Amino acid sequence: MVSFVDEKPVTEDSVKSDAKGRLREASQLLRQVVRFHPRLFVIAVSGATLFAVCTVASSIGLRWMIDRVILVRFERGEVDLFALIVGSIIVIGIGLLRALGVVIRRSFAGKTEWRTCETITEKVVDHVVAQPIEWHRQKMTGDIVARCGVDADASVAILAPLPFSTSVLVMMVVSAGWMLYVDIPLGLVAVVVFPILLTLNIGYQRRIDRYYNLAQQELGDLSEAVHESFDGVMVVKSFGAENRETERLAKITARLKDARIDAIGVRSIFEAMLDAIPTLINIILITLGAYRVKAGEMTVGDLSSFIYLFTLLVFPLRIIGYLFSEIPHSVAGWRRIREVLDEDVFEDPATKILNAPMGFGIDLNGINFSHVNGAPILKNLTMRVASGKTVALVGATGCGKTTLLHAVAGLILPDSGSVAVQDGGVALVFQEAFLFAESLRYNITLDSDISEEQISLAISIADCHEFLKNLEQGLDTVMGERGVSLSGGQRQRVALARAIAQNRPILLLDDTTSALDPKTEARIIANLRRISNDHTVLVVASRPSTIALADEVLFMAEGHIVEQGTHEQLLQSSEQYRALITAFEHDRKAS
Amino acid sequence: MNEPTGRFITARTINRGFGVAPALAKGIGVTSVLALIGSLARVVVPILMQQTIDKGLQPGNIRLGFIVQMSAIAAVSVVVAAFALRQAVLRLGIGAEEGLYTMRVKLFDHIHRLSLADHNEERRGALVSRVTSDIETLTMFFSWGALVWLLDGSLMFVVACVMLAYDWILALVAFAVSAPLFLVLRNLQKRLVAAYDLAREHNAELLGSVSELVSGTETLRAYQAHQPMVDRSKRAVRKRADSQIRAGVIGAFLFPSGEVFAVFTIVAIIIVGVFRGVDGGLTAGSMVGFVFLTYRFLEPIAEFTEVVDQTQTAVAGLRRVLSVLDTPTGPQAPVNPIELPNVPLSIELREVSFSYSSRLDSQDDDLPVLRNISLSIPAQQHIALVGASGSGKTTLARLIARFADPNLGSICLGGVNLKRIDNDDLRRRLVVVPQEPFLFAASVAENLLFASPKSTREDLNRVIDQLELTDWIESLPKGIDTYVGQRGSSISAGERQLVALARAALTNPDVLILDEATSAVDAIAEVRLAKALQALSQGRTTISIAHRLSTAARADRVIMLEHGSVTEDGSHEQLLQDDCEYAKIYAQWLSATSTGD
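Those protein sequences? They're chains A and B, same order as listed.
Numbering (this note's numbering) for the first sequence: 108 to 698.
Numbering (this note's numbering) for the second sequence: 308 to 904.
Keep in mind that the hints were calculated from the coordinates and are not lab data.
None of these values were measured; they are calculated from a predicted model.
Even for Gly, the Cβ is constructed at its ideal location relative to N, Cα and C.
Some clues are possibly wrong.
Stated by the list, open to error - Pair ranges (Cβ atoms, derived):
#1 Q845/B to R244/A: 41 to 49 Å
#2 T777/B to R313/A: 53 to 61 Å
#3 G310/A to I380/B: 29 to 37 Å
#4 D504/B to E404/A: 34 to 42 Å
#5 V642/B to T689/A: 54 to 62 Å
#6 A433/B to N320/A: 55 to 63 Å
Unchecked claim - Calculated lysine-lysine pairs in the DSS-like style (CA-CA distance at most 27 Å, straight line):
#7 K761/B to K358/A
#8 K358/A to K333/B
#9 K413/B to K726/B
#10 K401/A to K362/B
#11 K230/A to K541/B
#12 K230/A to K546/B
#13 K546/B to K497/B
#14 K838/B to K785/B
Starting from the given sequences, assemble the full structure and let the hints guide the process.
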């Protein structure tokens, strides 16, 4: 059989495997996610470039103001109105352009991020839906949902800060050029300092992320322990263990607290350093600048604009650390997305179902089926059910009854043997009814075209009309969290109505009616018999009273049919069957 | 917060928070002074520029020595400020963590002591989020919001002082031109928060839709009905992307607005400064200094506006935390406990009435669950409580176990009123085995030891032997050290019951309250359970909440409850002879479990 063995989930550790591989994976991620919506991305980067260029240009505006307006006024006592107006226009104009750059960059970075996320999620959804049931059984629902949700979000999270970091790069190059143009020695100092500051910021971010991840793990542990402890409050109270539980939780909380205090220790040092170091460099630049001014190599305006530009650059340099902290996260998310997308879509077992010979509803021939772990479930199983009959499938827990029904319904692909059913298909009612958070009508029709008569027939056969009467909105009542919740028995009856409404010649009931009280169960079985002239019904049953209602019993043990006959016949002929029925009746015997 | 007293309530909430966790407020004065010193570093460069331009770089009179001297002073103050800043961040952070630790532990203790009436399924999630996400909002606040209030508050204060010292007219111009920024930011901020709320909502919708698509996949496959569900999920995906993008665009306008205002403020300062000239006592240096200070002054405003919302969230979280602490705890411990007599214990109920009235949030189902029940259960008798669901069986059992006190009437155990019995004493003598026994994610042995941590391996083995469970334990992969999984999920329902029975037996109680499981277990487990139950209840006063009437048939006495009152009371045989309700339901049950032949 096909194996869908899941790979181990990606952990932070495995992401940090080796630096080279990590870099390659990161650049791969960038190339791939950018390609989904390149136009949006290019616009975002253009906005970022506008911002970068205007940031450098704003220092030129300031230099104009200082050299031509302020110094002229305070050193020579003249008001140069023309220079003042031009300077104001330059400063305001560049400021507005710079803001415009930010607006474009952020809007389009967001657009790129979320449109890409949308594209990726749609791909994952399509892929997941195309996979057969067996694939799904080997995955946790939460895991698949995570891949459509948080993993998709994580893999595109890199797209938002990406244009910004390109703008930081542009800014560093342009301002380095400008500074060197204004004054070579001073410019050199600044050029050397940029990469140092950048490294310091990235290093800090990495380090603090490690601490925060640790703290986050402790928080996860705590919330798990709290859930458990509060869920078990009955046991805690029963044994008077309130103090012990509080102490246990307090210990975990103390670990969280300590992890966070460690993080604060690191953070406080870096916060102070990242504040002080650029300021100290600024002070050095001022001192050096004074020498250059004395040497006549630069003006006071040059110096001021230099310091001003340097101040403006400190903030972006500081933010860029965040980008780097996003990368491992995004890489991990993207890897999990790729796992789903790169997997082949397996064949739909329903396409392998054959047509049963005339007069037979179900015809299974030499079916073998094993669990993923290799344990055989169905062993060379052969059975035939004449059409129009109601047949009970009886067997101990774990003998393969459900698997058999799923093979007939075309949900799983047998390793060998053939499955044939009467033309028109199968309606299966699962052991656990699944209702969608939609209207009752939707739950019965599943959005296919079914006449009102057919719906009301299904409702009355499945004995739903009783509780439907009490629902104000009748069939339009919405189920689920925000709607009405039904009891287990009611849900089963809706699932049954769904199967009947689909009007397929074969009806498979997987212990469906066991959640109902015996009276209701008997009524429904009787109703089913009314329609069963044209329906073949195969019902997994464990209540002796239900089994007795069937035309025939298929007795199943260890993956194949051991006997076939009426309930009475089997009680007579098979000791094994008698033992099983006795076990079902255990309660009665006990009294 | 529309009510006029909103601000007062906020202040009171914060004050009470400090009361619960004093470490939060401890030494806050010193921390504030350190923060003020720390923010001085941010004004060093503007001041140094001003000094350099005005006193060091006068045309024709360049005093390099003075500039070096000033720079050295500036450098030293930056280093000092950095140390102060570090201390301030550290002190605030540690105080917050210590305080929140105390608050969490107080919550754990309080919640464990809440009455079971405040502990039902619906409220469990709320209680968990009180100690996790609500306290987390406070953690977030202290790691950012509080820091911003403290550091940026100090910074704005210091910058404003320096500006006023240079020139009060220019300072006022700067304040006036930049003031509307605050309003603009508040406005955008509000829209942004609303936009993100919507995005979050759409995100939840997306996840809900996909999760339904995935968990309903068998049904959808069986009926080939995916397409409408896939379309629905894709619509949800698009809606979420749209709302995220919208929020992003609002953020895109919010972000640069501070810089736009900075540009206008700088131009305004220069224009006013240039026209005032030297006569106003202005200098070129202080003009340049002003330009730098303007940035310093406007930087924190954007953060402030964000922090206002975070602060409100944190106060709301604190309020929810406090409201849990305000919920009175369950049955009160007696002031002068009376020790239970060292003999088998009888149970006596006198005119007991009870209703669940919720305290955490109001609900209207305050109907009485038990009405005027009087019962006398001699020591070592086996009682079966029967009745339809909602008839009050479980509630009655809970009252006898003192998980809640009756509203009216009294319950005595061994002749002592439950209210006068010390909790430890009571728990040693009375044990409850609930319907769905809860197991911790640990080994079988650890789960047993939960009942009595001091028991030895021999004690465990003895109890297992008593209940005839040795062969079962040996059949487990690692015997008694087998891990049972989250909530016992790695073993079957029947096996969970077995562990719960052994756990109960370990304390060797006098009184046993058993809530029978409704879920079906396989035949072999069923036999084991019956044997173990038999052994466990031997010689103990036992109250079984019977869902299977075979259990009732085995009991010494059957008590039938209907709508919270005792309607029938007698032995199984007696009740069957009368033409009563019990006889009817017994006949029904019998026919359902028979083969029909």
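Do the alpha carbons of K230/A and K546/B lie within 27 Å of each other, as the hint requires? holds, 16 Å
Is the straight-line distance between the alpha-carbon of K358/A and that of K333/B 27 Å or less? holds, 23 Å
Does K541/B sit within 27 Å of K230/A, going by the straight-line distance between their CA atoms? OK: K230/A and K541/B at ~10 Å, within 27 Å.
Pairwise hint evaluation, K497/B against K546/B, where the allowed Cα distance is 27 Å at most: Distance of about 21 Å is within 27 Å: holds.
Pairwise hint evaluation, K358/A against K761/B, where the allowed Cα distance is 27 Å at most: This hinted pair holds, its Cα atoms lying about 20 Å apart.
Between K413/B and K726/B, is the straight-line Cα distance small enough, at 27 Å or below? holds, 24 Å
Cβ distance range 54 to 62 Å for V642/B and T689/A, holds or violated: holds, 58 Å
Between Q845/B and R244/A, does the beta-carbon spacing fit 41 to 49 Å? holds, 45 Å
For the pair we were handed, K401/A and K362/B, check the Cα-Cα distance against 27 Å. holds, 13 Å
Using the beta carbons of G310/A and I380/B, state whether their distance is inside 29 to 37 Å or not. holds, 30 Å
Range hint compliance [Cβ, A433/B to N320/A, 55 to 63 Å]: The hinted range 55 to 63 Å is violated for A433/B and N320/A, with Cβ atoms some 28 Å apart.
Starting from the range 34 to 42 Å, see whether the pair D504/B and E404/A falls in it by beta-carbon distance. With a Cβ separation near 56 Å, D504/B and E404/A fall outside 34 to 42 Å, so the hint is violated.
Going through the hint list in order, the structure does not satisfy hints 4 and 6.
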